[in-house]
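Model the placement of chain B on the given structure of chain A, informed by the hints.
One line per chain: the protein sequences are A and B, in this order.
Sequential numbering from 1 applies to the first sequence in this note's numbering.
Sequential numbering from 1 applies to the second sequence in this note's numbering.
Calculated from the structure, these hints are not laboratory results.
C-beta atoms are modelled at their ideal positions from N, C-alpha and C, and glycine is treated no differently.
Check each hint, because a few of them may be wrong.
[What the hints assert, rightly or not] Pairwise CB distance ranges (calculated):
hint	chain 1	residue 1	chain 2	residue 2	range
1	B	N10	A	R219	35 to 43 angstroms
2	A	E416	B	T55	49 to 57 angstroms
3	B	R171	A	R247	23 to 31 angstroms
4	A	E180	B	Q9	49 to 57 angstroms
5	B	G104	A	D137	24 to 32 angstroms
6	A	P297	B	R13	51 to 59 angstroms
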Amino acid sequence: MSGQILTSRLQIGDGHTLERYEATGGYQTLRQVLSERQPADIVAEVKAANLRGRGGAGFPAGVKWGFLAEAEPRYLVVNGDESEPGSFKDRQLLERDPHQLVEGIAITAYALGVHHAFVYVRGEYARSARRLQRAVDEARGAGYLGDDVLGSGFDLEVTVHLGAGAYICGEETALLNSLEGRRGEPRLRPPYPAVAGLYARPTIVNNVETISTIPWILRNGGSAYDAIGPEGSRGTRIFSLSGHVKRPGNYELVMGNTWRHLIYEIGGGVREDRALKAWIPGGASAPWLVPEYLDEPVTIDDAERLGTMLGSGSVVVMDETTNVVGAALSIMRFFAHESCGQCTPCREGTAWMERILERIFSGAGRPADLDLLLDIGDNISPGLAWPPAMTTICPLGPSAVSPVVSIMRHFRAEVEAMVNGGGGV
Amino acid sequence: MSRWSAETQNRARAIVAQYPECRSAVMPLLYLAMLEEGHVSNEGMREVAEWTGLTPAQVQAVASFYTMFKRRAPGRYLISLCASISCHLLGAAEVLAAIEEETGVVAGETGDDGLFGVERVECIGACGGAVALQVNYELVEGVTPDKARELCRWLREEQPEVIRSDVLQERFGGQRSFEWGAGEKEGSVAPVPGFGPYGSAAGEPV
Numbered sequence: 001m002s003g004q005i006l007t008s009r010l011q012i013g014d015g016h017t018l019e020r021y022e023a024t025g026g027y028q029t030l031r032q033v034l035s036e037r038q039p040a041d042i043v044a045e046v047k048a049a050n051l052r053g054r055g056g057a058g059f060p061a062g063v064k065w066g067f068l069a070e071a072e073p074r075y076l077v078v079n080g081d082e083s084e085p086g087s088f089k090d091r092q093l094l095e096r097d098p099h100q101l102v103e104g105i106a107i108t109a110y111a112l113g114v115h116h117a118f119v120y121v122r123g124e125y126a127r128s129a130r131r132l133q134r135a136v137d138e139a140r141g142a143g144y145l146g147d148d149v150l151g152s153g154f155d156l157e158v159t160v161h162l163g164a165g166a167y168i169c170g171e172e173t174a175l176l177n178s179l180e181g182r183r184g185e186p187r188l189r190p191p192y193p194a195v196a197g198l199y200a201r202p203t204i205v206n207n208v209e210t211i212s213t214i215p216w217i218l219r220n221g222g223s224a225y226d227a228i229g230p231e232g233s234r235g236t237r238i239f240s241l242s243g244h245v246k247r248p249g250n251y252e253l254v255m256g257n258t259w260r261h262l263i264y265e266i267g268g269g270v271r272e273d274r275a276l277k278a279w280i281p282g283g284a285s286a287p288w289l290v291p292e293y294l295d296e297p298v299t300i301d302d303a304e305r306l307g308t309m310l311g312s313g314s315v316v317v318m319d320e321t322t323n324v325v326g327a328a329l330s331i332m333r334f335f336a337h338e339s340c341g342q343c344t345p346c347r348e349g350t351a352w353m354e355r356i357l358e359r360i361f362s363g364a365g366r367p368a369d370l371d372l373l374l375d376i377g378d379n380i381s382p383g384l385a386w387p388p389a390m391t392t393i394c395p396l397g398p399s400a401v402s403p404v405v406s407i408m409r410h411f412r413a414e415v416e417a418m419v420n421g422g423g424g425v
Numbered sequence: 001m002s003r004w005s006a007e008t009q010n011r012a013r014a015i016v017a018q019y020p021e022c023r024s025a026v027m028p029l030l031y032l033a034m035l036e037e038g039h040v041s042n043e044g045m046r047e048v049a050e051w052t053g054l055t056p057a058q059v060q061a062v063a064s065f066y067t068m069f070k071r072r073a074p075g076r077y078l079i080s081l082c083a084s085i086s087c088h089l090l091g092a093a094e095v096l097a098a099i100e101e102e103t104g105v106v107a108g109e110t111g112d113d114g115l116f117g118v119e120r121v122e123c124i125g126a127c128g129g130a131v132a133l134q135v136n137y138e139l140v141e142g143v144t145p146d147k148a149r150e151l152c153r154w155l156r157e158e159q160p161e162v163i164r165s166d167v168l169q170e171r172f173g174g175q176r177s178f179e180w181g182a183g184e185k186e187g188s189v190a191p192v193p194g195f196g197p198y199g200s201a202a203g204e205p206v
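This is chain A alone, in the form it adopts within the complex (with noise of 0.2 angstroms):
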C-alpha cells in the first residue's frame, strides 16, 4: 500500500517553486482556514486525526497542542535537526517541498495564536536550509506569510535558524537551548515545552514530516486521515531505506504491511540476493530485529511489543557479510561522539562500550567483555528493556545501549567467537 498524502510533489522537478506549489493547490487550504475556520476547531481537527508525531517519540500532536499554556508570547518550532543515523526524510520534504511545510506552519501558527515560528534545520543541510528560506521568502512576498496573511488580520513571523553539528539538538529541550544560543544540552522535564518553552514562554515543537502533513489533514478533515491505515498507527509515514537493501530511498508507505514487504517488495531485496541477517526498525536508536519477525506488522505498538520502535521510521538493513560487532561499533560511535556529557551514565558509558567494541573487533577482546557490555548498558537503562528505563535526563543514553543488547540477544556465540578468535578485522 502506498499513501499520496506528503510526497504528492516529490516527483516533480520544479515541485519546490511557490508557482508550482500554487499551481497543485498549494495555500487554497490556508485560505480556507484563515476566512473559515476557528483556531480551537482546527486542533480539534488534528485530534481528530489521531497523528502521532514523526520525530521518533510517536506523541499525538493534536494532544500535545492541547498543552500549550494561554500565555504569550507563544512560539512554534519545528524540528528539523534530522540527524538520527539511517534517517534522510526531512532532508527530502525541506528539499522538494518546502512550501507544503510552509503552509503547515502558518495553519499551525494561527491555530496555537503563535506570531513567531522557527525551523531549526541542522547545520549540514545547507542545500536544504536555501531551499527552505527562498520559500519562506516567496510566501512572506505572496501574503502568506508577514504582517496581515491574507487580510486576515493574523501577523506570523518564519525564522530558518541552522544548527552547527550536534545531533542531541533534535531532542526538543535540547533544540530550545541551542535555539536561544547555548550549549545544546537536554532540560529536565517538568516543565515541558508547552509550559516553559522557548524563552520560558509556552512552546510546541513538531517535527517537519509532522507539520507537513497538516495542510492534508485540514483539506480533508481529521477523519478522513484518521480512516487510514491501522489503530494507533493512523496515516501515513515516510520510511527512509539503507543499507544492503537493493533500492534505498524514502517511501510514503500506510502502516500495517509486514517487515517483509517493506524490505522484500518496498525495498527490493537484499543487495545481490544475499541472506537478511538483521535490520534496525527505526533509526540508530533502536534496538535490532532478525529475520523471525519478518512477518510482523509494522506499526508502532507491534514495534513496542517486540522491544523496539519505528522511531523516525528509518530501516537499515544489513545482510549475511555484516560484522555486528564493527556495525555495533559505528553506531557506539556515533552515540560517544553526540553524547552531550550532561549526565554521567550516558558521558563515561557510552565512550566506554566504544572501547570495548573497538577491542573485541581488532581481536584483543576479553571473554569477560560480553558481561562487561552489558552490566555498563545496565548502568544507563537499568534491566536493559525496551521502552527504556533511564538513569539519565534525556533517551540518548539508553539508545546507546540498543547496538550492544541487539547483538548480545541475537548474535551472542558470533561476539564469543570473535574474542575467541581474533577479532573481525
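Just chain B now, kept in the frame of chain A:
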C-alpha cells in the same frame, strides 16, 4: 568598535534582528566570525559577545559544544566523510582511505599548505545514497573510492571559488537518497554552510 568589515556588520545586524532575544544570534554570528577570519578566534568570540550581550566565556561555552565551529582554520576545502551505520555498511572506510591517500591528509587534520582538511563525521542524512561526503558542507552521494580520488584531484586543479552540491553530485556522485529535482545555483564560499545570512554565493550553472 567592531573589528568586522562593514558588510559583515550589516549581516550581523540583520541576523540579530531576526530573534526576539539577541542571545539566539550566537550561533549564526559564530558562523559569520568564521567567514570573516577563517576560524573562530578569541577576538571573534569577543566580537560575538558584544553583539549578543554575553561574556566571551559564555560564547566560548557555545562555540566549544558544536563540531562545526572550528577553532583552527580547517583548510580551504573541508572534506567531511560520513562513517555512520549506512555509510559504514557500504564502504566508508575504503572511501576515507582513498581521500587520505589522494590529499595526503589524515582524518582530523589539515594539510600543511592549507588546501585540504579531512574529517570523519557522523550521519549527514544521506543514508540512501551511501557512501556520502560533503565539501564545505555541500553534499555528494554515492561516492566510490575512485570518484573520491577524482574529486580531490579536481579540487586541487580547479580550486573553485564556490562549491555547489549539484556540480559535485553531477561529476563525482552516484546513487542518491532521492532525486534532487531542479538544480541549485547557490553554494558555499568557505568551510561554513552556504546559507544566505553567512556563507552562500551563486556559481555558474551545472
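Between the beta carbons of R171 of chain B and R247 of chain A, is the distance compatible with 23 to 31 angstroms? For R247 of chain A against R171 of chain B, whose Cβ atoms are near 24 angstroms apart, the range 23 to 31 angstroms holds.
Would you say the C-beta atoms of G104 of chain B and D137 of chain A sit inside 24 to 32 angstroms of each other? Given range 24 to 32 angstroms: violated, Cβ gap about 42 angstroms.
Can you tell me whether the CB distance of N10 of chain B to R219 of chain A sits inside 35 to 43 angstroms? holds (41 angstroms)
Is 51 to 59 angstroms a correct range for the gap between the Cβ atoms of P297 of chain A and R13 of chain B? Cβ of P297 of chain A to Cβ of R13 of chain B: about 55 angstroms, so the range 51 to 59 angstroms holds.
Between E180 of chain A and Q9 of chain B, does the C-beta distance stay in 49 to 57 angstroms? violated (23 angstroms)
When you take the CB atoms of E416 of chain A and T55 of chain B, is the distance between them in 49 to 57 angstroms? holds (53 angstroms)
The structure shown violates the earlier hints numbered 4 and 5.
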